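Heads up: the protein sequence lines correspond to chains R and V, in order.
In our numbering, each residue's number is its place in the first sequence (first place is 1) plus 148.
In our numbering, each residue's number is its place in the second sequence (first place is 1) plus 8.
Treat the hints with care, since some could be wrong.
Listed below are the simulated DSBU-like cross-link pairs for lysine-lysine, each with C-alpha atoms no more than 30 Å apart in a straight line [as the list claims (entries may be wrong)]: (1) V:K60 to V:K77; (2) V:K114 to R:K157; (3) V:K11 to R:K205; (4) V:K77 to V:K11; (5) R:K205 to V:K111; (6) R:K157 to V:K77.
These are calculated hints, taken from the structure and not from any lab test.
What you are looking at is a predicted structure, and each value in this text was computed from that prediction instead of being measured.
The chain contents come next:
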Amino acid sequence: NAGVTQTPKFQVLKTGQSMTLQCAQDMNHNSMYWYRQDPGMGLRLIYYSASEGTTDKGEVPNGYNVSRLNKREFSLRLESAAPSQTSVYFCASSALSGTSVYEQFFGPGTRLTVL
Amino acid sequence: DAKTTQPTSMDCAEGRAANLPCNHSTISGNEYVYWYRQIHSQGPQYIIHGLKNNETNEMASLIITEDRKSSTLILPHATLRDTAVYYCIVRTQGGSEKLVFGKGTKLTVNP
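Turn these sequences into a full structure, and let the hints guide you.
Take a look at the structure:
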């Protein structure tokens, strides 16, 4: 199992450009999440999807859109990138395990720079 | 979800136990204590969680005070690879599965 994969690993954009960050998980998890992490800070939730077909805003959703394409894939789109969106983006997934643990599994991150 | 307070940084000698404290004085009865760690900009990794009893797994032990207002994560024999930022998070089980990360504790294990 690859777990949670993210593409691309690095990206540089100019202000105003758009792009989509891709995330996929092969653990048959129902829930998926997008976080951002700015230097020296903890992670902040952008959007999440509790199950296929549903999405909800997190703490910092402005400037982003998401699509839960199917159970495996959850993409994050920046329509018009701004320098304030320079960050490391992490995707995660989770499911209720046999021990009732909502453990979240994280991907390796996408490092985005907006010039 | 309740807020948590953790020291900004801690040091520990390799081979010794690392004890990482967390205060969560406003925790409610249905909130669990979770610990995650993040090694050098990798994605966070789940360590352990508990409600009110002490818990132990292959990675660590979690000690929760009787009044549940604080807890301690114990790494019994810290290694250099345990150098990371450790996050203490309190949240309800079920319902919203969102994690609210603070700034965590930067643990440095020294040789």
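Consistency of the hints with the structure:
{"no.": "1", "hint": "V:K60 to V:K77", "result": "holds (10 Å)"}
{"no.": "2", "hint": "V:K114 to R:K157", "result": "holds (25 Å)"}
{"no.": "3", "hint": "V:K11 to R:K205", "result": "holds (20 Å)"}
{"no.": "4", "hint": "V:K77 to V:K11", "result": "holds (11 Å)"}
{"no.": "5", "hint": "R:K205 to V:K111", "result": "holds (22 Å)"}
{"no.": "6", "hint": "R:K157 to V:K77", "result": "violated (39 Å)"}
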